[in-house]
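K.L.:
Take these sequences, add in the hints, and give me the full structure.
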Amino acid sequence: MDEFSRLSLHVPEPAVRPGDQPDFSNVKIPKAGSVPRPEVDVEPEAIRDLAYSIIRVLNREGEAVGPWAGLLSDEELLTGLRHMMLLRAFDARMLMAQRQGKTSFYMQHLGEEAVSCAFRRALRRGDMNFPTYRQAGLLIADDYPMVDMMNQIFSNELDPCHGRQLPVMYTSKEHGFFTISGNLATQYVQAVGWAMASAIKNDTRIAAGWIGDGSTAESDFHSSLVFASTYKAPVILNIVNNQWAISTFQGIARGGSGTFAARGLGFGIPALRVDGNDYLAVYAVARWAAERARRNLGPTLIEYVTYRVGAHSTSDDPSAYRPKTESEAWPLGDPVLRLKKHLILRGVWSDERHAQAEAEIMDQVIQAQKEAESHGTLHAGGRPSVRDIFEGVYAEMPPHIRRQRQKAGY
Amino acid sequence: MARMTMIEAVRSAMDVSMGRDEDVVVFGEDVGYFGGVFRCTQGLQAKYGKTRCFDAPISEAGIVGTAIGMAAYGLKPCVEIQFADYMYPAYDQLTQEAARIRYRSNGDFTCPIVVRMPTGGGIFGGQTHSQSPEALFTHVCGLKVIVPSNPYDAKGLLISAIEDPDPVMFLEPKRLYNGPFDGHHERPVTPWSKHELGDVPEGHYSIPIGKAEIRRKGSAVTVIAYGTMVHVALAAAEETGIDAEVIDLRSLLPLDLETIVQSVTKTGRCVVVHEATLTSGFGGELVALVQEHCFYHLEAPVVRVTGWDTPYPHAQEWDYFPGPARVGRALTEAMEA
Ligand SMILES: Cc1ncc(C[n+]2csc(CCOP(=O)(O)OP(=O)(O)O)c2C)c(N)n1
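Protein chains in written order, with full-length UniProt numbering: chain A, 1 to 410; chain B, 1 to 337.
Calculated from the structure, these hints are not laboratory results.
The reader is advised that the hints may include incorrect statements.
Chain B residues, not near chain A, derived (Cβ > 10 angstroms throughout) [what the hints assert, rightly or not]:
(1) Val37
(2) Gln93
(3) His184
What follows is a list of derived Cβ distance ranges for each label pair [to be verified]:
(4) A:Gln404 - B:Glu213: 17 to 27 angstroms
(5) B:Lys211 - A:Lys407: 19 to 29 angstroms
(6) B:Ser280 - A:Gly381: 51 to 61 angstroms
(7) A:Val386 - B:Gly43: 43 to 53 angstroms
(8) A:Pro12 - B:Gln42: 45 to 55 angstroms
(9) A:Ala320 - B:Gly126: 47 to 57 angstroms
(10) A:Ser374 - B:Glu213: 48 to 58 angstroms
(11) B:Lys211 - A:Tyr410: 42 to 52 angstroms
(12) B:Ser280 - A:Asp363: 31 to 41 angstroms
This one's a predicted model, so the numbers in the text were calculated from it and none came from an experiment.
Think of the CB as a built atom: it goes at the ideal place given N, C-alpha and C, for glycine as much as any other residue.
P.N.:
Next up, the structure:
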């Protein structure tokens, strides 16, 4: 007999499944204000701890505390609250529109609103995001017209993408929002390329890449880190860890050790983890990373620790793979309620004003939806021309596509 | 005019383009300091600095992915994949991203990149240094695909590719880098310096993408070829004495259908030649087009001469590579049918 017994494969499993008691005891939450704020030119080696902790500003009482606090005025915070509420109302209406058959599918942000809304405020006009499908907050917080987003969701006659692109996969060069691909992780490395180009041209603009926790397993993620660290690209590499990749828990992409942020350490990229449900913390960390990039100090990797409260998409049923009450047990709370509490504590907001704002915002979204619907929805009313199928494959239409367009009768 | 090899012509195209347009950047594995394993980029880093011509990590997805990002910014990256065989890790970036960005963003973002790569066999590269993956690109709407067969075209077409507003795959038959190759491996290669198409203007000129060239006029049968096979087809025509018309496609996508149709309508017979494997190869597309557009003029079935449906072998590459003997037999077959 051999001295070794037979091998067996380890397949990671989440702590709980439907029917079990939600359990986040493994998510170690440090006290708000307890994580230091290093200088932006710090040596990555000196801040390895930040890849394992969680930067937080808002404490349980709603106070902003610690070295990452104090960057935003009351006015700016009220604007941030409004953006998150707008995104939430937008999601609610579009989810309903999908249920009514007005569009094929929709993906909501519930619970993750702070990540994209706060991040956008740390960038400048001209900077470029390479987002995935759960960062519509980047557009909302940059005042992109909601009606245009809806026109695309409804694939109507005013759809900016002429019916060619999936509902939530927006594009806007003007608003620093690169056209979204359905192929996960591909755009992470494109963000690095954009940032390298900005450096090649001695520009002042920076780029930001976006990826989910599950998608960090794609090889593009690793290519991105190689290029970003090799050329010290002025890029912010964002990982939104919302615990789930459709039905697959984050341990499958990560294994049982380390954190997603820690993946940057081997590349010498400063890596920070931040409370993704804390608008102030997200903004503070994003601004720190943006300043590093702008000072030509290179890339920063940020992991946003958050929770996907809603379903993955309108095609998903999360109750089939996780406890129904898991989102309520999430220890970092609701980003909208946390910022609301903070603003009330500061004396610039109240429950009444909040309720009133909620009603106003919903009204605004409904008005936008009415306008968009007047130009058609997926199966009714105005729609893009069939001719649009053939346009825009190339700058100039080659003869073979022209022949096919004529064959189709256009 | 200067006498140039295809390597020098390709280099000259990048040099001219970089000199004219500050937005042109060149990078890839070993491309910067060393000048590339085939020396196509030699001297460019010294001339334009290391932020315009540089070495990349061994990550094809990274090379093409960052090029796409640079193009979105406004640069015109011309990147090298060291061998066409290694473009597969970047295939996702090419097909799902580069090819689609203009379409899906309705022109909000575009992707003017060039991806250069040495292709084809005949240098004892074995199965991982000899592939001809053109059909994998021609199947992708949004890409353009070019295969030059001589230094003059290589330079003019590469300049067009770099100036093109859309992504272009530029496949360089490495067997042609130093001289025209007629398939007779036992004979020494005649250098480009002895060939009229090795006479290349030193400055800027361009050749339109999508236009074929008739390399040999003939009235008995049309041979459609590209890259190395153009020279093999010419040799086969000479050696059999058959009055063949040889078309050099130069661009596979978009394709010059008009020149093909005119020629086959005239000759009534057609032979298609390529190095890539037979099944689902680009030749299938060519035969289908000839059938669709020239059916009533055809006097014989169209014949295909291609590599075999196997990986490219190392020791038997001359039995794999379609040489003048095989093309000659196909010409006879087309004539006798
Ligand atoms: C290359 C690729 N593989 C698979 C999919 C299908 N898919 C869409 S979303 C998703 C899960 C992504 O999870 P994560 O990255 O954690 O992001 P999240 O949805 O949680 O925000 C999968 C597998 C895809 N779109 N692209």
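K.L.:
The structure should be examined with respect to each hint, and the outcome stated for every one.
P.N.:
Do the hints match the structure? See the list:
1. Val37: The claim holds: B:Val37 sits with its nearest Cβ about 20 angstroms from chain A, beyond 10 angstroms.
2. Gln93: Check fails; 6 angstroms does not lie beyond 10 angstroms.
3. His184: The claim holds: B:His184 sits with its nearest Cβ about 36 angstroms from chain A, beyond 10 angstroms.
4. A:Gln404 - B:Glu213: 17 to 27 angstroms: holds, 26 angstroms
5. B:Lys211 - A:Lys407: 19 to 29 angstroms: With a Cβ separation near 23 angstroms, B:Lys211 and A:Lys407 satisfy 19 to 29 angstroms, so the hint holds.
6. B:Ser280 - A:Gly381: 51 to 61 angstroms: Violated, since B:Ser280 and A:Gly381 (Cβ atoms, about 42 angstroms apart) do not stay within the stated range.
7. A:Val386 - B:Gly43: 43 to 53 angstroms: holds, 51 angstroms
8. A:Pro12 - B:Gln42: 45 to 55 angstroms: holds, 50 angstroms
9. A:Ala320 - B:Gly126: 47 to 57 angstroms: holds, 50 angstroms
10. A:Ser374 - B:Glu213: 48 to 58 angstroms: holds, 54 angstroms
11. B:Lys211 - A:Tyr410: 42 to 52 angstroms: violated, 26 angstroms
12. B:Ser280 - A:Asp363: 31 to 41 angstroms: Check failed, 57 angstroms falls outside 31 to 41 angstroms.
In this structure, the hints that do not hold are numbers 2, 6, 11 and 12, in rising order.
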